[in-house]
Structures are given as C-alpha cells and as structure tokens.
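Produce the complete structure using the sequences and hints provided.
2 protein chains.
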Amino acid sequence: MRTIITIGREFGSGGREFGRRLAEELGIEYYDKEIITEIAKHTDLSEEYVQSIVESKPHQLYPITIGQSFTYLDNYYVGQMQSVYLAQEEILKKLVEKSDCVIVGRCADYILKEYHPYRIFIYADMESRINRCIERSTSKEAFTRKEIEKHIRKIDKGRAKYYEYYTGKVWQHKENYDLCINTTNTNIKEIVPLISKLFKKNI
Amino acid sequence: MRTIITIGREFGSGGREFGRRLAEELGIEYYDKEIITEIAKHTDLSEEYVQSIVESKPHQLYPITIGQSFTYLDNYYVGQMQSVYLAQEEILKKLVEKSDCVIVGRCADYILKEYHPYRIFIYADMESRINRCIERSTSKEAFTRKEIEKHIRKIDKGRAKYYEYYTGKVWQHKENYDLCINTTNTNIKEIVPLISKLFKKNI
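Here the protein sequences line up with chains G and X, keeping their order.
Residue numbering for the first sequence follows the numbering used here, beginning at 1 and increasing consecutively.
Residue numbering for the second sequence follows the numbering used here, beginning at 1 and increasing consecutively.
Think of the hints as simulated: they come from the structure by calculation, not from any bench.
The structure presented is a predicted model; accordingly, all values stated were derived computationally and were not measured.
There's no promise every hint is true.
What the hints assert, rightly or not - Computed list of lysine-lysine pairs in DSBU-like fashion (alpha-carbon distance at most 30 Å, straight line): (1) X:113 x G:174; (2) G:113 x G:200; (3) X:169 x G:150; (4) G:197 x G:41; (5) X:140 x G:174; (6) X:189 x G:197; (7) G:200 x G:189; (8) G:189 x X:200; (9) X:169 x G:154; (10) X:189 x G:174; (11) G:174 x X:98; (12) G:157 x X:161; (13) X:93 x G:169; (14) X:200 x G:197; (15) X:169 x G:174; (16) G:174 x G:150; (17) X:197 x G:113; (18) X:41 x G:174; (19) X:113 x X:146; (20) G:157 x G:169; (21) X:33 x X:146; (22) G:200 x X:200; (23) X:169 x X:154.
Set out below in structure tokens:
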C-alpha cells in the first residue's frame, strides 16, 4: 500500500522541517514549495501570486472596488482562486499516483482524502514558536518577540481561513488529523527517526 | 531516564485498551482503576464514591440542600473532593517514583508535570466511539445509538469539568498533550506496537 503522509503545521512549529526530514528518513518524495511552482505553470500566474492566494484569507484577496466594477473584479479574483485550487488538486493527485510522498500544507489532507493519507498536524506553544522563528531568521533586521508573535498569528489566521474556505473544517481541530504532534521544546531532528518508525515496515 | 506515559482519552475511543496494551508491549506497570482502590483506602471513602467524584462534574456532587444547612454540606463535599484529589496526587507520585508506568486518566498529565511525563490523548469521531461501545457492551439491555451517544457525551462532560476544575485547562485541547492519536476506524491492537516504538530504546 502506498505511503502518503500529509503535514499540516502551525507557523513556527517546525512542521516543514519535520516533513522534509521525515521524507528523507523514509526515502520518499517530499513536496512543499514545488507545488506552488507547478500551480504557477498550470495557471500562468506568478509564483508569488499563487503563494499569496494559498496562504491568505480568501476574502482579503479581493481588491478595493467601487461602484459597478465590483461584481466583475470580484468574480475575476474568485475565478483565479478557483483556478489555483483546481490546479492544486490536479497536481496533488498526479504526485501521489506517481510515488510515496510527504506533502506539506496545501489542504492535501482534504484534497487527497480518497487516497487515505496519514494526516499529521504539527503544533507548539507560542513561546517555542517565537524561539524557533528567531533561531531560523536570516533577516538582518531584528524583530521584537511581540512583532514575531503578531506575524505568526497573521500567517496562521490566513492558513486557517484558507483551509476552512475549501474544506469547511476548522484547520487546528485535532479531529481532522490522525496524529497531532506537539513540538514545544522538542528537537525536530531527534523526533523524526522515532515517528518514522510508524511508517517503516519490518521493524 | 524514567518512562512515564499518561493517557487522556475520550470515552469510547479505546484509550484504556490502548494504555493497557502499551504498558504490556513496553513491559512496564499499568495503572487505572487501581488508583481508585488506593484512594479509597487512603480516604476511608467507598470505591464507588471515589469513582463518582473523579468522573463527575464537581458541582454536581453537591447535595440538594435547603436553608442554613447549605454552607455546612457544601464545605463537607468540597472537603471530600479535596481529600480525594490530594490522595490521588500522593498516590500518583509514589507510583512514578517506584517504576516506569502508563497511567490512564486521573489528571496524571497535570499532577505529574514535574516528572515530565509523555502525555498522550486518545480521541475518535462519535460514530466510531458508539461502535466501540456497542462491540464491548456486556449489558443484556440493548441501547439505541442515540442513547449511547448521550451517555458518551455525559461521561466526557464530567471528565472535562473535572480536568478543568483541577488544572484550569481545557481537557480536549491538544495543547495539553505531546501526542494526540485519532483512533477512528483504527484497531487498537494494531497501532500499539507501532506507537510503542516511540518509547523503545535501541530500535
């Protein structure tokens, strides 16, 4: 049976690193930003624009419009979002039919439900997430913890809205996942070999 | 380092079976109802009464009182609850100091926090929980699915209230646990050997 693992993750929880290391450990494909690139190719939209759509609260994408132009532009942007979502759906299904894989984000747990993926959600407390962001920052600008927290909450709000918009479910609810892993005070590098045992045959 | 695993579980999710099998698989102690027996011994209350306290919404334990007798009885029952909780705390700490173990329920994740237990929460969707209750029923009386669901919700409400009363936290929130496992459509017997690998050294 095919191994398809989807990873939902709170911003700063180390979910992306977890997914990448898990795929490496299992020797299977890993998909994350590659999907954005593929969607951009399919839709003729820029990668940045696709990224902004898949990470944002859908209605925030609507432009400021006045008078009669509203309906037209409204439909136009909703149409673009639908194109992105449909392209994403098509790409994800092609990928999982090709080989075993780990997929981060992209509502993959919902889109691929007929393939019965193993759905993991990675989360952590705010302090730990802020610390992880600080450790990994490559920016020269120093942000305060308060600014980082604000950024984390904004990104998560976008992810939650996007997930809810397409799936009708609450993104952070454990009921949508098979396994929820708390990475507070946890070294991702150390836990991945342990968790990978769940997917290795003959151990 | 000592292995202390606490299991929180929704009623009907198979959490108790999970805990028992996990302890067996790891060859460590398992504590569940034994704790009630110990509390009863420590407090001179009956096992049934202790059970009703630890599984109930605290304020439901108050008797119907009239007039001036209220304060006296009120204090009396609150006192009993406190005795039970203190006995529970003392017993749990003694147990974990003795040996590695799995403890089901009893706010053990919170009471033992200074011992850094690995905190697991077992949950499942309502349909799956009702099915599990039907499969395991030893009662001759046939209950409808609706009646079973009502019973499940009542028990969980009691557990949630008790947990919140003593810990100040929301029982079903994944933030209180290290690992949350969804047992919907899952055979507990099959997943325990997999999860136990997380705790086995030298694999």
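Each hint, compared with the structure:
no., hint, result
1, X:113 x G:174, "holds, 23 Å"
2, G:113 x G:200, "holds, 22 Å"
3, X:169 x G:150, "holds, 24 Å"
4, G:197 x G:41, "violated, 36 Å"
5, X:140 x G:174, "violated, 35 Å"
6, X:189 x G:197, "holds, 17 Å"
7, G:200 x G:189, "holds, 17 Å"
8, G:189 x X:200, "holds, 17 Å"
9, X:169 x G:154, "holds, 25 Å"
10, X:189 x G:174, "holds, 22 Å"
11, G:174 x X:98, "violated, 34 Å"
12, G:157 x X:161, "holds, 29 Å"
13, X:93 x G:169, "violated, 40 Å"
14, X:200 x G:197, "holds, 11 Å"
15, X:169 x G:174, "holds, 17 Å"
16, G:174 x G:150, "holds, 23 Å"
17, X:197 x G:113, "holds, 27 Å"
18, X:41 x G:174, "violated, 38 Å"
19, X:113 x X:146, "violated, 37 Å"
20, G:157 x G:169, "holds, 14 Å"
21, X:33 x X:146, "holds, 28 Å"
22, G:200 x X:200, "holds, 15 Å"
23, X:169 x X:154, "holds, 19 Å"
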